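Peer 1: Chain by chain, the residues:
2 protein chains.
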Amino acid sequence: MKRYLATVAYDGTNFFGWQKQNGFRTVQEELEVSLSALFHVKTFCYGASRTDRGVHALCQKAVFDAETTIPAEKIPLAIIKYLPDDISVLDCRVVDSEFNPRFEVKQKTYRYTIYNSEFRNPTRRNYTEFVRDKLDIEKMQEAAKAFLGEHDFKGFCSAHTSAKTTVRTIYDISVSKDNENEISIYVTGNGFLYNMVRIIAGTLIFAGMGKIDPEKMPEIIKSGDRTKAGKTAGPEGLCLVDAQL
Amino acid sequence: MKRYLATVAYDGTNFFGWQKQNGFRTVQEELEVSLSALFHVKTFCYGASRTDRGVHALCQKAVFDAETTIPAEKIPLAIIKYLPDDISVLDCRVVDSEFNPRFEVKQKTYRYTIYNSEFRNPTRRNYTEFVRDKLDIEKMQEAAKAFLGEHDFKGFCSAHTSAKTTVRTIYDISVSKDNENEISIYVTGNGFLYNMVRIIAGTLIFAGMGKIDPEKMPEIIKSGDRTKAGKTAGPEGLCLVDAQL
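Chain order of the listed sequences is X and W. Heads up: the first sequence begins at 1 in my numbering, then just goes up one per residue. Heads up: the second sequence begins at 1 in my numbering, then just goes up one per residue.
Don't take each hint at face value.
Copies of the same chain are indistinguishable here, so a pair counts whether it falls within one copy or spans any two.
[What the hints assert, rightly or not] Within a straight-line C-alpha distance of at most 25 angstroms, the following computed DSS-like cross-link-like pairs (lysine-lysine) qualify:
1. 139 to 164
2. 2 to 106
3. 74 to 134
4. 2 to 134
5. 20 to 222
6. 81 to 231
These aren't lab readings, by the way, just hints derived from the structure by calculation. Just so we're clear, the structure is a prediction, and the values are computed from it rather than from any experiment.
Can you build the whole structure from these sequences, using the hints too?
Peer 2: In structure tokens form, the structure reads like this:
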């Protein structure tokens with residue numbers, strides 16, 4: 001029996017998030033069904049990040065234990081025929097039998113994408129947050145700087161977080177224009193509280209609309225007051241794009 | 001009663017194409033349902049391009065006749081609440097009562113997008129053609145040049161085309177790398193035969209794989225022989241991105 005670490009990509013649109021929930025379609029359960037079919041035995045898997053309903057991932061890290069003659073690097077190809085078309089396994093390798101991805105992933109990057117135009121683009125509806133008001137990207141960039149470094153993000157998480165501490169470190173944050181109508185926020189940190197990236201995105205959207213003064217950002221973060229931050233932006237715009245061990 | 005010309009965008013994933021078909025969900029029918037709800041009277045609409053099942057559009061041109069006090073430019077906003085979330089009306093204006101978009105659209109641009117990587121990206125599965133074999137973009141660019149200008153595209157349309165003539169003019173064609181794993185083909189022409197862009201895309205994919213020699217392209221086009229061209233690439237990668245009157 002060996003433990004394997006896989007990188008998994010999925011389109012969150014038709015899932016009730018990563019984590020198994022009785023009666024709902026989740027990525028974890030679909031992946032377990034596929035792994036079980038591949039290995040002919042009930043197989044469990046555990047992910048590094050519990051992405052929410054509608055949130056996407058290009059780089060979820062998941063482990064599973066298996067006894068198989070298939071070489072680890074061939075598993076991504078071997079499992080394709082058992083996977084639904086909204087999940088891909090991108091790579092796979094053997095890790096230590098005690099390896100726990102929740103603790104081993106030291107750094108994650110999320111991308112939050114906004115579609116900023118007068119009218120919605122139907123082909124982007126499941127992958128972006130639609131904002132009709134014209135956003136000032138420079139104000140968003142200025143506001144974003146305040147998140148850099150170690151902060152208590154108590155005001156940037158949903159009320160009933162189970163985290164022991166709300167202190168997190170943001171290593172990098174950027175706001176850039178991907179094309180005519182899309183703005184992406186990239187946030188890299190050592191960990192994220194429940195809904196944290198979506199609240200950061202919602203706050204930067206408010207800054208871009210002129211509803212929050214970028215200069216007030218350090219104060220808003222320090223206050224720890226959820227009501228001073230912006231709305232929680234929708235799940236569709238969020239994608240886990242990188243995870244580093 | 002006035003005739004209106006609208007620009008319509010849609011995600012083709014959940015439609016059986018543009019054109020009405022009894023018992024199937026089509027863009028034309030959904031748009032007619034929405035227009036009828038907005039104007040409180042059965043309203044018909046007619047498009048410039050009959051896109052197939054799964055094909056997307058950011059710039060379909062459609063006309064409808066209506067008697068309304070809503071100014072034309074306010075119709076896109078007024079109709080939002082009646083539209084499904086996979087259709088948007090981007091603009092609208094009054095045109096001559098004889099205006100027929102099929103004849104008035106003089107030039108169209110299609111984009112065909114390929115996802116070229118070892119594994120599928122689930123978030124791009126409905127918007128790209130997945131190709132696992134590494135494509136040589138320079139060979140694709142070289143092969144593309146042969147399509148420029150006026151040609152008889154008999155070998156680049158599906159067998160039972162109803163077109164009177166298979167001669168079409170390609171004004172512009174380009175192949176470019178959009179990002180690490182995506183290659184887009186843009187084709188602009190005065191008109192396209194049934195499946196023509198998808199067969200051009202399939203042929204350029206073959207050129208990129210080394211299955212078709214770019215130097216043989218003029219000969220292949222001239223032959224008028226469908227079997228010498230590449231496969232018909234899937235509908236997901238195709239998007240009508242521009243239409244000029």
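Peer 1: The structure should be examined with respect to each hint, and the outcome stated for every one.
Peer 2: How the hints compare with the structure:
With identical chains, the CA atoms of residue 139 and residue 164 are never at most 25 angstroms apart, being 33 angstroms at best within one copy and 56 angstroms at best between copies. For the homomeric pair residue 2 and residue 106, the shortest alpha-carbon distance inside one copy (23 angstroms) is at most 25 angstroms, but the shortest distance between copies (63 angstroms) is not. Proximity of residue 74 to residue 134 under the C-alpha cut-off of 25 angstroms is restricted to the inter-copy arrangement: shortest distance 18 angstroms between copies versus 47 angstroms within a copy. Taking the shortest Cα distances, residue 2 and residue 134 never come within 25 angstroms of each other, neither inside one copy (52 angstroms) nor across copies (32 angstroms).
For the homomeric pair residue 20 and residue 222, neither the shortest alpha-carbon distance inside one copy (35 angstroms) nor that between copies (57 angstroms) is at most 25 angstroms. Taking CA atoms no more than 25 angstroms apart as the test, residue 81 paired with residue 231 passes between copies only; the shortest distance there is 23 angstroms, against 41 angstroms inside one copy.
Checked against the numbered hints given earlier, this structure breaks hints 1, 4 and 5; the rest are met.
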